[in-house]
Amino acid sequence: MKIIYPLFALSIVLMSSCAKNNTNELYQELKSVDKMVLAKMSITKTVTMNKENPFGRRKAGYSYDTYARAFIDLSTLQAEDLVFNDQNQTVQVFLPPVEAELMGRDTDMHEVYTNITGTRYQLDEKDLTKLKEEGNESMRTEWEENPMFKAHLIESAKRKARKYFENIFEANGYVASIEFKNSEKRDNEKHN
Amino acid sequence: MKNIIKIAIVAIIVVTGFLIYTFAFSSKGSISVSKGNINKIETMVELCAIDFYNEVAVVDTVDNWVCFGKQKQRGSISFDIENIETDITGDTVKIILPTEIIEVMESTDKESWVSVDSKDLDCIAERLSPSRAPKEVWSKVKQNAFKNSKKKLYQNGVVERARIEASQSLQDLMEKVYRKPVKVIDPTPKGAHYNDFQ
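Chains as they are written, first to last, in our numbering: chain A, 1 to 192; chain B, 1001 to 1198.
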């Protein structure tokens, strides 16, 4: 009977040591898209923990980046959206509107500052995960409520799209003028 | 009477211990989050053919720590079409499809990373007093999970599918631009880095 316990312990250790780099998909979603990605942005968030009691303090600041991108949906670009004038060697291009979306975030957080004293223990993975969840919640709200991020990103993407299509048509002997579909309409509505 | 004194002493010790523990290891405090700062904006012209979302269970052994976690990943397979090789001299425009760019990141959805458990294979005392893997170990575990996901994209033919779809989409776009037939040549149909992930 006594031999059962060491054997049991050994089997646990052996089973554990077999767990080499095993990633199992629980769910997967693949989506065919036709996006022309024109700009990417990284946004830094710093999360601070400040806890104190008579036996010590636990202060720490960690930062991480969230990434966003701006793109046009090429599947909506029709042949009629490119109007050529062969006599003048010009082309008018009406591009789909530029959209912006969040892509993902850093997996690791970067230590900015720590001051942990007395009986307080160092921050571990669970603490860092909690800090990042707080940061992420705040980032998602800010992304929806603060138009500044999308505006900067979309403006950069529009500049890039103009430059790209102007260059590509110039190489083909045409002068291109680039406009963006719905967004131009929105701009006009604003002016009116 | 002696028994009552003994019980009282034990009770006092337990209560004192509890109070010390409570004061020493817990405290009132706060977590604050700064406003987001734009760190960098980069421009590019990339054709994105596939977006994906994965939820994975990660079990990995790093530095004799067995770690178990759950991760939500978002990613895409894209192609740099700003610097593509294009031959427009003939009746048919010829374009070489470039190397795929695979991005896999932790999602911004809620609870996109959960560290469930870890155990130290080196430590016999682990059975009595469980400890937690250091954050450097967890970092490697998460990086390995990304590598694994990339590998599966090659093994399951997702990269191959992305290259086929990108070729078609590039052809459609360039035929509108050049107004003549376009042929997209794919030098590595299974993926430029297919062999690196076998």
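Please keep in mind that the hints were generated in silico from the structure rather than gathered at the bench. Ideal placement from N, C-alpha and C gives every residue a C-beta, glycine not left out. Hints may contain errors.
Claimed, not checked - Cut-off 30 Å, straight-line C-alpha distance, at most; resulting in silico cross-link-like pairs (BS3-like, lysine-lysine):
(1) Lys-150(A) with Lys-1040(B)
(2) Lys-126(A) with Lys-1151(B)
(3) Lys-130(A) with Lys-1070(B)
(4) Lys-51(A) with Lys-1151(B)
(5) Lys-1150(B) with Lys-59(A)
Unchecked claim - Covered, in the sense of this in silico footprint (three residues per stretch, anywhere, with C-beta under 8 Å from a C-beta of chain B), are these stretches of chain A:
(6) 22-28
(7) 34-40
Stated by the list, open to error - Per the computed footprint, the stretches of chain A lying under chain B, defined by three or more beta-carbons under 8 Å from a beta-carbon of chain B, are:
(8) 65-74
(9) 93-107
(10) 124-137
(11) 168-178
Name the hints, by number, that the structure is in violation of. 4 and 5
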